[in-house]
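Listed below, chain by chain, are the residues.
2 protein chains.
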Amino acid sequence: MSGVSSPIDAPSLAIVGGGQLARMMEQAAVSLAVGVRLLAEGPDVSAAQVNPDTTVGDYRDLATLEGVVEGCAVVTFDHEHVPPEHLRALDAAGHACRPGPHALIFAQDKQAMRERIWELGGPNPRWSPVVDAADVARAAEQVGGFPVVLKTTRGGYDGKGVWVVDGPDAPEVAEAFASGVPVIAEEKVDFVRELSALVARSASGQVAAYPVVESVQENGICREVTAPAPGLSDEAAAAVEMLAMRIAGELDVVGLLAVELFETADGRVLVNELAMRPHNTGHWSMDGAVTGQFENHLRAVLDLPLGSPKPRARWTVMVNVLGGDVGHLYDAYPHVMARDPELKVHLYGKAVKPGRKVGHVTAYGDDLDDVRERARHAAAWFEGRLDDEAEHDEHEGQGAR
Amino acid sequence: MSGVSSPIDAPSLAIVGGGQLARMMEQAAVSLAVGVRLLAEGPDVSAAQVNPDTTVGDYRDLATLEGVVEGCAVVTFDHEHVPPEHLRALDAAGHACRPGPHALIFAQDKQAMRERIWELGGPNPRWSPVVDAADVARAAEQVGGFPVVLKTTRGGYDGKGVWVVDGPDAPEVAEAFASGVPVIAEEKVDFVRELSALVARSASGQVAAYPVVESVQENGICREVTAPAPGLSDEAAAAVEMLAMRIAGELDVVGLLAVELFETADGRVLVNELAMRPHNTGHWSMDGAVTGQFENHLRAVLDLPLGSPKPRARWTVMVNVLGGDVGHLYDAYPHVMARDPELKVHLYGKAVKPGRKVGHVTAYGDDLDDVRERARHAAAWFEGRLDDEAEHDEHEGQGAR
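As they're listed, the protein sequences go chains A and B.
No gaps in the numbering here: position 216 of the first sequence is 216 in full-length UniProt numbering, and each next residue is one more.
No gaps in the numbering here: position 67 of the second sequence is 67 in full-length UniProt numbering, and each next residue is one more.
Some clues are possibly wrong.
If chains are identical, the list can't say which one is meant, so a pair holds when it fits in one copy or spans any two.
To be verified - Below 16 Å or equal to it, Euclidean Cα-Cα: the simulated EDC-like pairs (lysine to aspartate or glutamate) are:
(1) K310 - D340
(2) K353 - D9
(3) K310 - E342
Derived from the structure by calculation, the hints contain no laboratory data.
If we strip away everything but chain A, and leave its shape as in the complex, we get (with noise of 0.2 Å):
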């Protein structure tokens, strides 16, 4: 079975990169029937143990790419660090790229982004280029003083390629520059919380956003999502809404768009990062709303009407899975499913290792303070953090060991 002949003759879709996104993508392209031609990393990735065709490649050769999606109509992404100049070569060639090099160069370039936030008027922190190490203390007077953010412009994901610098000598500064890449500077915003706002936006402009979640980060990795973001009110929620949509329209995005923000203690939010494929801040959207991410994602790059971004639940919290103590995670399929059957568990099949995102668990529910616990305890069992998930865990007695 070729992933690009398809029995209901749907279009032909590529994928670049094999990591989980892709394979959620995949399982939701189960269901419309849509073949799937992957470009993978190795022939054990995430996506590519559930897909049957498959190529092995590297992503930066522009002609591994050319041979990937020979005879697909369209290509989307697992991921940002595909080089533009190679997205527009495919694109030239033919292939829709979606989301197009034009707009993804804002999820690749955080100096491109930071500029074009400021010419939509958008709400961007405090930022400057840094044009040398010596050249921080400067930069950080115009953010407003240490402690900055440092951030490379391209090629960051999940906390690398950003530092916290306390001051123009710190050893941060020369790790920044270590790689060559350019650096930007931002003030470190003096968040309440971070927010995230996802939409999805398809080829012909239609767009369907997302209720705004809460996200906690941890060392610069996605932790737990709760859907809707608590306490957030209809108003500042519709805000940030449309904030998305705009951002989405202006930059002509199509798939996905994650605009990941802070919320400030008087009430204003900041744009952090954007993303421009499904994101971890929804996954939640799987179980806990009418249409996942994933399927929105295919049907908004297959110009397909998008279905409802409508929660199922009062609340939903997603809770990441991290490689922890507990090597074989199947191991705790069994407490986990019997203490919540209605715990919706999903492993992304890779090996693991310390901090590696390798699955996520979900519970939805009336109750946040229930749902959270649930949804926490599952993730903690997963990981063998026994001792930790006993302060979140105060209803467990120790029979429940």
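Given the coordinates of chain A, work out where chain B should sit on it, guided by the hints.
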């Protein structure tokens, strides 16, 4: 990636048969990170399209079966057609067939099923073995007279192997005996509707019962399912659920058991058929229950705690998409998705042939009339039944075309 190695150390699972049931099991297996090794009838059949570890071969050949299940701890099935002697051979060689041959025989052999239900005191229609064509008149008398239903005891599905016979000389009598498979006669039950009770039973004996549903069959093929069955009293529903749980336990079913039933005008229910696998009357649960039947089938055969079978909406209606006038199912997506952003579409990647099950659609909500109209409209659109659909769909003005 081999289905028999797992980064999370899940037991290896083999599925025999590559139809849509295996396809939807595989989709559920993605979330649980359980690798599947598939024995498929051809390289492009429904489940093979979405599974990298597929062997093409004949499930009636023991050596082929042995090759596929080599290294697999658990074997389960897309259909009930694997010869019982082969199942016993696999079982004897240490592969856990779930359901096991001792249970599956009651889904494979209708006479064995009738005898066992009788032993259990379960509600059979009147029935009788039929020795040969000349014996039909006697058998008919025994079950209450013509018309009677003749069934081959083995190999039937979707209305095949079933004949309604008006008299001893009807042409269907010869047809029924043509294959040489033993035949039974059953009274033609004067039912008011058909019900189905679906339960999951794990290897350890845990049982979860889905709500009893109403199903509508046309020409022996499931057409529409409403969950829960409208107008069924709580007492009657509980009695039917308990009957299905009792059958599952007594027969030692592992996996899913569907008990298809006739409801009569005087409120009795009679067992029509048993199926030991995910069942068409349970497809609604993928979108309408906390845990879909495919996930619970996997949990049951892997002996994991079962997920909640609780419905997520007041009403869920599933309508099958049968092969119709529209060859290119994808062409229906824009209308179907735009008209109803909350509709769930599941196509099976099968080429359209008249009357063939090629997918299903599901709608859910609080208003049964609305939910039913939405699901029916979508299925009709996929099938090109534009006139026919207008009958169902009285609210729909000409403008919506």
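Verification of the supplied hints:
| no. | hint | result |
| --- | --- | --- |
| 1 | K310 - D340 | between (24 Å within a copy, 13 Å between copies) |
| 2 | K353 - D9 | between (41 Å within a copy, 15 Å between copies) |
| 3 | K310 - E342 | between (20 Å within a copy, 9 Å between copies) |
Checked against the numbered hints above, the structure violates none of them.
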